[in-house]
Amino acid sequence: MKFLSVLFHLFVTFATAAPPHGLAHLVQRATPAPFSDFTNNLVFYPDRNYTSWKVIYARTVQLPDGSHLLSWENYPPEPPQANFPIYKSTDGGANWIEFSSVSDQVNGWGLRYQPNFYLLKEAFGGYPAGTILLGGASVPADLSEAYLDLYASRDEGLNWEFISHMVYGAGPETTTNGNDAVWEPFFMMHEGEFVCFFSDQRDENHAQKLAHITTKDLKTWSEPVDDVASSAYDDRPGMTTVAHIQSTGQYIITYEVCATNEGCEGYYKVSSSPLTFGTIEGRGDKIVSAEGHTTGGSPYVIWTPNEKTNDGSGIIIMNGASREQLFVNEDSADPAGWKEVDVGQWAAHSRCIEVINNNGTEKLMLSNAGQMQAGFDNYVVVGVVDIPYDAV
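The sequence shown runs contiguously to residue 384 in the numbering used here.
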């Protein structure tokens, strides 16, 4: 019934009004075949009474049984309090069902911003292998303060339990310089510690900087360590993602830098440890393709082995908000080595990319939930495409 209601809503929209900006990408088509390749497959279209961006910031995770979970920032009217919806696919992303949700269990505020998944591949912090972790910003409706909170599911995403507060921001939770806000958790396991990277506005010397904290039990967290902190106060580095370049042992961090009169662009650094990015001074290298294009803000990066070589090398894959194309590079992460690959999936704010096992074949899953721009009619779509091994 949920799918039928979406179809009816879209029919009424197209029949009664000119499509708002953003709907040009949405073309009605048959549901993809299970475990096939496709792009821009509609998962969720918000009702007309949704507020703010309506939906944005999609994230996926593949479970050990091959199924997929999908979440995003969701803006229906309040009350009830904001939460993170959980949708599930058991056929390679072709069909999705509303499966569960993650709600604020401790603050009485709701879960509002930037959900991010992590699958435990081995037991950690008292949780068994296969546990799904989800972190995000718990923020009251008046945006007066925030916690970055961590939740866990032991039953493949059906039920969720609170684990810990990772970071507190005294607020207000807005992007106004000088406000003590915290944003955008991203997770990685490293040498027996669980790492949370995040954006931090609490340092009076920086409008915003990037930092990380670590834990050995998912409950007690270290003090923050800087990853990217600009000498120019107004610079706002944000939206960390990190990948391990296994062939070289190096780590790559991507992030946006939003600066006065410059807009937001994607940058990166490479280090021998994900905990030492802060030792590299400056903004890092801007991501510019051989075609002369930049990514825009909210970059997202992954690394995967190259199945077409036998030398252990791989491919770095990233994307940003202003280009539909993927940006790919060799393991060296040479600033002059970025190339564009068109995969036919429209661009979005912090478009998520994930290597998946699609019924025995490695593929790339992309998830979009629209742009953080006025006038966009946001909705949630996914795509599954070939990994562009031949591009490097």
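Treat the hints with caution; some may be incorrect.
Below, simulated DSS-like cross-link-like pairs (lysine-lysine); rule was C-alpha separation at most 25 Å, straight line [stated by the list, open to error]:
hint : residue 1 : residue 2
1    : K278      : K300
2    : K208      : K113
3    : K211      : K278
4    : K300      : K355
5    : K113      : K355
6    : K80       : K355
No lab work stands behind these hints, which were simulated from the structure alone.
Consistency of the hints with the structure:
With a CA separation close to 29 Å, the supplied pair K278 and K300 exceeds the 25 Å bound. Note on K208 and K113: the hinted pairing holds, with a Cα-Cα distance of about 15 Å set against a maximum of 25 Å. Distance hint between K211 and K278 is unfulfilled; the C-alpha atoms sit about 36 Å from each other, more than 25 Å. For the hint linking K300 to K355, the alpha-carbon distance of about 14 Å falls within 25 Å, and the restraint holds.
For the given pair, K113 sits about 20 Å from K355 by alpha-carbon distance, which is consistent with the 25 Å threshold. Our distance criterion of 25 Å between C-alpha atoms is met by K80 and K355, whose separation comes to about 18 Å.
Going down the numbered hints, you'll see the structure goes against 1, 3, while the others check out.
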